[in-house]
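Protein chains in written order, with the working numbering: chain A, 1 to 363; chain B, 1001 to 1363; chain C, 2001 to 2232; chain D, 3001 to 3225; chain E, 4001 to 4225.
Please note: incorrect hints may appear among the correct ones.
To give an idea of the interface, some chain A residues facing chain E are shown, with a C-beta separation under 7 Å as derived from the structure [as the list claims (entries may be wrong)]:
id : residue
1  : Phe-76
2  : Thr-79
3  : His-80
4  : Ser-92
5  : His-96
6  : Tyr-105
7  : Gly-106
8  : Arg-109
9  : Leu-251
Read the hints as simulated data drawn from the structure, not as lab findings.
Where a beta carbon is used, it is the ideal one built from N, C-alpha and C, also for glycine.
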Amino acid sequence: MDMTQTRPGIHARFNLGFKDFSLNVDLEMPGRGVTALFGHSGSGKTTLLRCIAGLERAPAGYLSVDGEVWQDAATFVPTHRRPLGYVFQEASLFPHLSVRRNLEYGLKRVAPAARKVSLDHAVDLLGIGPLLDRLPERLSGGEKQRVAIARALAISPRILLMDEPLAALDLARKQEILPYLERLHDELEIPILYVSHAPDEVARLADYIVAMEHGRVAAQGPLGETLARLDLPIRLGEDAGVVLEGEIAELDQAWHLARVASAGGSLWVRDNGLPVGQHVRVRILARDISLALEPHGDSSILNVLPARVEQLADDTHPALALVKLNAAGAPLVARITRRSAARLELRPGQTVWAQIKAVALVG
Amino acid sequence: MDMTQTRPGIHARFNLGFKDFSLNVDLEMPGRGVTALFGHSGSGKTTLLRCIAGLERAPAGYLSVDGEVWQDAATFVPTHRRPLGYVFQEASLFPHLSVRRNLEYGLKRVAPAARKVSLDHAVDLLGIGPLLDRLPERLSGGEKQRVAIARALAISPRILLMDEPLAALDLARKQEILPYLERLHDELEIPILYVSHAPDEVARLADYIVAMEHGRVAAQGPLGETLARLDLPIRLGEDAGVVLEGEIAELDQAWHLARVASAGGSLWVRDNGLPVGQHVRVRILARDISLALEPHGDSSILNVLPARVEQLADDTHPALALVKLNAAGAPLVARITRRSAARLELRPGQTVWAQIKAVALVG
Amino acid sequence: TIAAAADLKFAMDEIVTAFKRANPADRVDVIYGSSGKFNTQIREGAPYDLFFSADIAYPRELAKEGLAASEVKPYAVGRIVLWSASRDATKMTLASLADPKVARIAIANPKHAPYGKRAEEALRSAGVWDKVQPKLVYGENIAQTAQFVQSGNAQAGIIALSLAVNPELAAKGGYALISDALHSPLEQGYVITRRAAGNPLARRFADYMGGKPARAVMVKYGFVLPGESAAK
Amino acid sequence: MFLSEGDLGAIVLTLELAGIVTAILLVLGTPIAWWLARTKSWLKGPLGAVVALPLVLPPSVLGFYLLLAMGPHGPVGHFTQWLGIGTLPFTFWGLVVASVFYSLPFMVQPVQNAFETIGDRPLEVAATLRASPIDTFFTVVLPLALPGFLTASILTFAHTVGEFGVVLMIGGNIPDETRVVSVQIYDHVEALAYGHAHRLSAVMLAFSFLVLLTLYAWRPNPKKH
Amino acid sequence: MFLSEGDLGAIVLTLELAGIVTAILLVLGTPIAWWLARTKSWLKGPLGAVVALPLVLPPSVLGFYLLLAMGPHGPVGHFTQWLGIGTLPFTFWGLVVASVFYSLPFMVQPVQNAFETIGDRPLEVAATLRASPIDTFFTVVLPLALPGFLTASILTFAHTVGEFGVVLMIGGNIPDETRVVSVQIYDHVEALAYGHAHRLSAVMLAFSFLVLLTLYAWRPNPKKH
Ligand SMILES: Nc1ncnc2c1ncn2[C@@H]1O[C@H](COP(=O)(O)OP(=O)(O)OP(=O)(O)O)[C@@H](O)[C@H]1O
Ligand SMILES: Nc1ncnc2c1ncn2[C@@H]1O[C@H](COP(=O)(O)OP(=O)(O)OP(=O)(O)O)[C@@H](O)[C@H]1O
Ligand SMILES: [Mg+2]
Ligand SMILES: [Mg+2]
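Using the sequences and the hints, build the whole thing.
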């Protein structure tokens, strides 16, 4: 085997069989940023995370993280020596310890010098301060899950594995936690492997996508590219779209708006307090783009970009079509009805105006 | 107390105190359709369901379901005598029984004459057929949850309590299960109390909304009305919007579209195979409506309705405004930037064109 | 340390008290128990210096195996009595045990308890064994046998004379001495163990046992001394 | 023959006794364990402690007290005589009663533990699936507590087989009625019939080993909750 | 005085013995229970059964075999003599060894059950939080198995207090060294000194009741998992 040499990023190859299921993956994931694990219920996401954590021992597997070999023919680093944080699909708090002592459990086992995440801050942000002295049996479902997230963060892991961590949380809470996770992976430069069924979470957080199907990897790649592919087996459904990179070019303080200069052109987004020059990412969903043959000044739509039609493809429903556009080099995807496509006589090469109803700043 | 007389619907009044939390609710919910329970993590949703199920015994509580008193000063019907189905927040399968025997557990305890739900059908639809002989410990998170749903359905309950039943499921699976639940409550005419954090689920399923906050009911009312209220403490965020009633007026087979005649006007939606004349419900999200001062024929937007501005209100972000519209008597809500509102000089009484990018058929 | 058969308990306690009064500097501990158990334990190195057995066969065995430091000497002869807590046993004979009103008769286990063996012999000699046998219950030792009778669960029993004169039992019912002609003599013997070969105290106590005060005590507690007959 | 007829009789008697005692204790100990596991009463502690008390007395002393209690002048004896079934000592059923009393903690404690670790959730689920409390008890609680029942049964069975202090006192060592194997082996040892004792001990050990092994084989694998 | 000096000595000795035996068994029984709970080896069944076997023999017969084994001619005796510590019978430590052997199943079985019901998840969680297996054992497994340990300790303690068959055989009833309360009470009963026996029994029962009650009070409330 020539795979034992030092390579950056995460390399994982596992073959593991249960009675009615087998996992066969060979993955290369970036060593930083968020990798979203996607896939149907029962497609093997949890099993993959468990293999990476060393909780499941795939025979003849291989795993290296940033050049460190955690598993190969000769090596099997036991879980407690892998510097990872794991948020289980079920919160799995220690029932005999109070919330506080659950949080401290891992923290105590990390050398003070290696502590990089502020537990107090995590506690505040996850809103579990008032719960610290309770036993887990007295927590609500979402409260448990938040404690489990804080517990995994408290050990300042060098890689974070999260199995649907936000599934039991309400939207408002999610919207508080997501930016925190984003900052975490930016500041600590740790890779996060994130299982989620929520496309908005994925689109918002992920830099890299792995789609699982029947224990195999159906597709993998960087978020932007992958989302713009029209043939992708990942059905993001309502949340198909693209992500563009850019930077804040101008702030409009009166209207609380910020102009993002991206490859595709200028886009106005809500001002989230980021300074001019800040590198950002914007997500544009296919469902938010309508096409017009001419620009209309009297509409409430702020962002209108000229673009060229590149490709038309089927969508999930026969009434709909996906239109891949090229806006000054940046890929965009629009979802419109086939009838509209016919009425506007859309064809590759044509120039249209992409009216973008909503642009979300995602990092 | 004069509350013991027979009243249709569900009447619940509970006061229950934990150490740091108290539940104080006085609720009237319709006796059919789906009531969505909304609220932050820890706001008391699970506790309320438990009180209704009789798993928690609120002193001096009152509960009647369709005129049958389940709890009052003199009565406390024990849980096993209440004809309800309960899907717990954690799947809670019996660990010693196979999936099949978990499903049969409740079924066996229901008189054959009272069995109205086809177990086989539920099993098929939830995709758990291949799992029947497994023990719960060998299931994935989503698989467990699906079994739990089937198990609760199998007893053909007269009221269904569901605590975030779809939280662990992927979008595709959700989209298979939701219509099934819809049909179930239509066909069986059983009320469903449904806890969910997913606004799309709520908007799609719910007829009635109860928003909880700190153990109290912050708002309650029928879906349509409640969603159109701009002052509502429920922050549906991205999924604010309205629901209109209507019926299928015309089918456009070539483009797989259907025209819905609603109070607000004609709307084209994807054809889901429903016959002409069918009563339907369509959901229009605020984020999907853009406003223009004139109609534009050259856009890909199919649905454009004339409407009158009724009210302008703040949204969650200072860059945004919610605009309440009146389209031929039907309420619509649009979310646009404040800058656009200013540029278009929107004010109450003005006539605008509501360009509706997407209309979802939700029942 | 002295290992003494359980039936010696009362007599030995008094003798030891007297011995200590005479020799205040000496320390004497007595342990009571089953002779068979002591026999096994001495073979396995139990720290007993003197062994007063309820059956002379045990010390003889030890002596034969070279575990004794003295000859085996008889110190008493045990007698058995018929006793009842619920009726006047003084008027009973072995034959009256066949009476159907006597549902249960307690004897010590003839297999290993010397008193039980003599009881069986006596019943056989009296010719009532066959009639009585189905009614028998067996005690582990003579004390347990007495308890069977005392608690009223057995209507009669054959126990040691030394027990029957105990105030605890004498208060209830009464006893009838069984003729020693009906059974082989129950010789009780002692031996100094090999361990105590160099222990003068052991020898002094053995000698004291042969002395007059000790013999008087033995008689008082219902033992018949070797070569004498039962005093009634 | 390898074993005497008396030995065989004793073996049969022992198995009968241990089997019956275990069965009775399953029936009797289970509700006690359930009550102790679920109650919130302050009596839980004291009653829990009382259950373990018979263990503290030496068996033959306990036997002695039982003999007094069950004898013609004791309270239990009065009761049984009033029932018209005479007194219990020196009968097989006397042994059974005494062994039940003595082995109670071996049954109650492990079963109580098993009940306690089940928690409320399975009971709640069963209730929402229409199972009455009794139904739930048999279809959910018992199966989930199975390992506890097995442990309890093993301890009870083995202990009843080995016990002889109480048995000797209450039973009176009557062949084919109360002379169980433990007493028989004891007699052999006391009579210095070591060869006989060894043989019988070996048979009992081998046999018990098989019984225990069978019980173990039944034992389900640990469940993840 | 209410109790004689000999009685007091015996009580102290008994508590020492029961305490030491319980402590030793906690140390000795726990790894055995852990192994039995976690192993997937086919030896699990047979070894599990072997642990329960000492129970099957009557105590004094077991004592007899232990006496032979630990005596000057037995294998254990040879070993201890070779170690230069003489032979164990008729010493306090001989009692301890014998009681440990005899009470092993009372410790192992309930603890094994407790270990088994914990399941894998808490161990996995601890591993992801950097706890080594030994660390996990002390910080997660032991606390979660506490009720099992309490039951085991109660059974072991009470049983050691009450046991006298083995103790009498191995200990030889030597005052202040091996004459424990159970033997003392037994002697009193045998000597028909009932009053004395009653008093001592009552003291033992009362005292044990208090000890057990304290143990019970410690017992944590059942946890919902
Ligand atoms: N047994 C209990 N003892 C004390 N407090 C409790 C107990 N059960 C729940 N609580 C508290 O009551 C509050 C409401 O809990 P509940 O489970 O009803 O919340 P919820 O709305 O279902 O939240 P989630 O969406 O997170 O499941 C929470 O703050 C919780 O901590
Ligand atoms: N211990 C096991 N024994 C046998 N089969 C198992 C075991 N654990 C999981 N499986 C099966 O392996 C498959 C993959 O499970 P896994 O938990 O990885 O799915 P998942 O992608 O995490 O699904 P979900 O989104 O529902 O959590 C499932 O079909 C499951 O039933
Ligand atoms: Mg999973
Ligand atoms: Mg909840």
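Practice problem: Could you tell me which of the hints above the structure violates, numbers in ascending order? | Solution: As far as the earlier hints go, 1, 9 are violated by this structure, in ascending order.
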